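Each chain, letter by letter, is given below.
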Amino acid sequence: MTVVLEAVSMALVGVFAAGVVLTRDPLRQVIAMGPFALALIVLFTVLQAPDVVLSAIVVGVFAYPMMVLLTVAKIRHRERKV
Amino acid sequence: MNPRVRVTLFLVAAVGITAIFVWGFTGLPSFGHYPGPYGDEVVRRTIADRHATNTVTAVVMDIRAVDTAGEELILFAAAVGVIMLLRKQRGERLVAPPTFAEGRHPIPPSTPVRVVSAALIAPAAVLGLYLVAHGGLTPGGGFQGGVVLAVPSVLCFLAARIRSFERLHDPAVWEVARAIAIGAFLGIGFAGLIASTGFLANMLPLGTTGTVYSAGTIPVLNLIAGPAVATAIVLIVVELLEQVTEVRAK
Amino acid sequence: MIRGLMPYVLALWLFLIGLYGMVTSRNLVHIVMCLAIVQSSTYVLLLEVGYRAGATAPIFKDITSGRSVVDPVVQALVLTDIVIGVTVAALLLALAVQVHKETHSLDPEDLRPMTG
Chain A
1258 MTVVLEAVSM ALVGVFAAGV VLTRDPLRQV IAMGPFALAL IVLFTVLQAP
1308 DVVLSAIVVG VFAYPMMVLL TVAKIRHRER KV
Chain B
5 MNPRVRVTLF LVAAVGITAI FVWGFTGLPS FGHYPGPYGD EVVRRTIADR
55 HATNTVTAVV MDIRAVDTAG EELILFAAAV GVIMLLRKQR GERLVAPPTF
105 AEGRHPIPPS TPVRVVSAAL IAPAAVLGLY LVAHGGLTPG GGFQGGVVLA
155 VPSVLCFLAA RIRSFERLHD PAVWEVARAI AIGAFLGIGF AGLIASTGFL
205 ANMLPLGTTG TVYSAGTIPV LNLIAGPAVA TAIVLIVVEL LEQVTEVRAK
Chain C
818 MIRGLMPYVL ALWLFLIGLY GMVTSRNLVH IVMCLAIVQS STYVLLLEVG
868 YRAGATAPIF KDITSGRSVV DPVVQALVLT DIVIGVTVAA LLLALAVQVH
918 KETHSLDPED LRPMTG
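Residue numbers (our numbering), protein chains in the order written: chain A, 1258 to 1339; chain B, 5 to 254; chain C, 818 to 933.
Just chain A, with the same shape it has in the complex (with noise of 0.2 Å):
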């Protein structure tokens, strides 16, 4: 059972990894890396490390998409005045 866990979490990570790298456009990738933070959440549960779930639940849901959404919606403005 356990095995099918680990090995479930770590197919999941592997591909929505390459579906992070594959999107392209920022602001597309910003919504593909809540799958990937997701599995990676769920892999570092199956591997017994409560500390590390915590700080990756807070940077993965919030501070990784806060920031890169602040920065497209500057450039983006810009893009627009321009």
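Worth flagging that the hints you see were computed from the coordinates, not collected in a lab. Just so you know, not all the hints are guaranteed correct.
Derived EDC-like pairs (lysine to aspartate or glutamate); straight-line CA-CA distance at most 16 Å [as the list claims (entries may be wrong)]:
id: 1; chain 1: C; residue 1: Lys918; chain 2: B; residue 2: Glu75
id: 2; chain 1: B; residue 1: Lys92; chain 2: B; residue 2: Glu250
id: 3; chain 1: B; residue 1: Lys92; chain 2: C; residue 2: Asp924
id: 4; chain 1: C; residue 1: Lys918; chain 2: A; residue 2: Glu1336
id: 5; chain 1: B; residue 1: Lys92; chain 2: B; residue 2: Glu246
id: 6; chain 1: C; residue 1: Lys918; chain 2: B; residue 2: Glu96
Here the structure is a predicted model, which means the values were calculated and not measured.
For chain A, the structure is supplied; the task is to place chains B and C on it using the hints.
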């Protein structure tokens, strides 16, 4: 450089990397059979010598606290770097708050988002403080709780309370708070050097295992590292938000 | 041996695909997120090295000491690294914003070496 040439170079490098990785992997213990003596020794020591139940936080804040001090400094340098990079340039001006929407296509803030954001500010702050304070006992600690402590600031902005956000997030104040937090962390380190065996040594009285105050300097360092991380992230957010809302090219 | 080493292949895969994304990218913000993928390969590798099958998390608040646990040292390394990684990514994004201000483009191909 031609994209095709670049991809070919990358493939050559990828083959080399794979070869070295596989050679390294064969020397690793088989997955699931961690043999290492260091981890078991740490676990043995944490409860007996330090009266802490969260061994990971004990490693971060006590046994390998020197590494954490270095990482706090990286955090500090990154925050300073962002502030310096996003400072007002010569060809820019700041617009006053009523003209935030100038030149933008404003989407009116949706009421559910505003209500939920405003309602979650206090719970997020309490959760962050809980994670920081109980770092030595249950999963948590300065770094995890610190990032959660940065959430109320962003929620304040999401709740469209721009006036409160502006008043509460003057970068100068947060920069001073950041500097104080880093200084306090290093100060405890030097106090350990003077009063006890070495830099960042655990020198305060160890309480009873399982209570909030236990394990000497671990909860103190947690309480310092939490705001240190939170202030760094809030500073970065404030700088980026200022760029988006206020800075315009002349 | 294969079953014992397959999980480490995930770290290699993450590293290579993140690197591929950085090499073939046409957008500076896309590069920063591919860097996040490369960093996560190190986290996965570290946590996998410290994993012990059938063991539990190294928190002793509610279990008796003496229970077999996974390695806490690698978890300590990874958890601080995740937070540091995000602040360094913020620095890179600030750089991207400034580059866009100067050259009005986020394409790494349009960046020229500094002259004078």
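Structure-based check of all given hints:
no. : hint                   : verdict
1   : C:Lys918 <-> B:Glu75   : 31 Å, violated
2   : B:Lys92 <-> B:Glu250   : 10 Å, holds
3   : B:Lys92 <-> C:Asp924   : 24 Å, violated
4   : C:Lys918 <-> A:Glu1336 : 10 Å, holds
5   : B:Lys92 <-> B:Glu246   : 10 Å, holds
6   : C:Lys918 <-> B:Glu96   : 10 Å, holds
Taken one by one, the earlier hints fail for this structure at numbers 1, 3, listed in ascending order.
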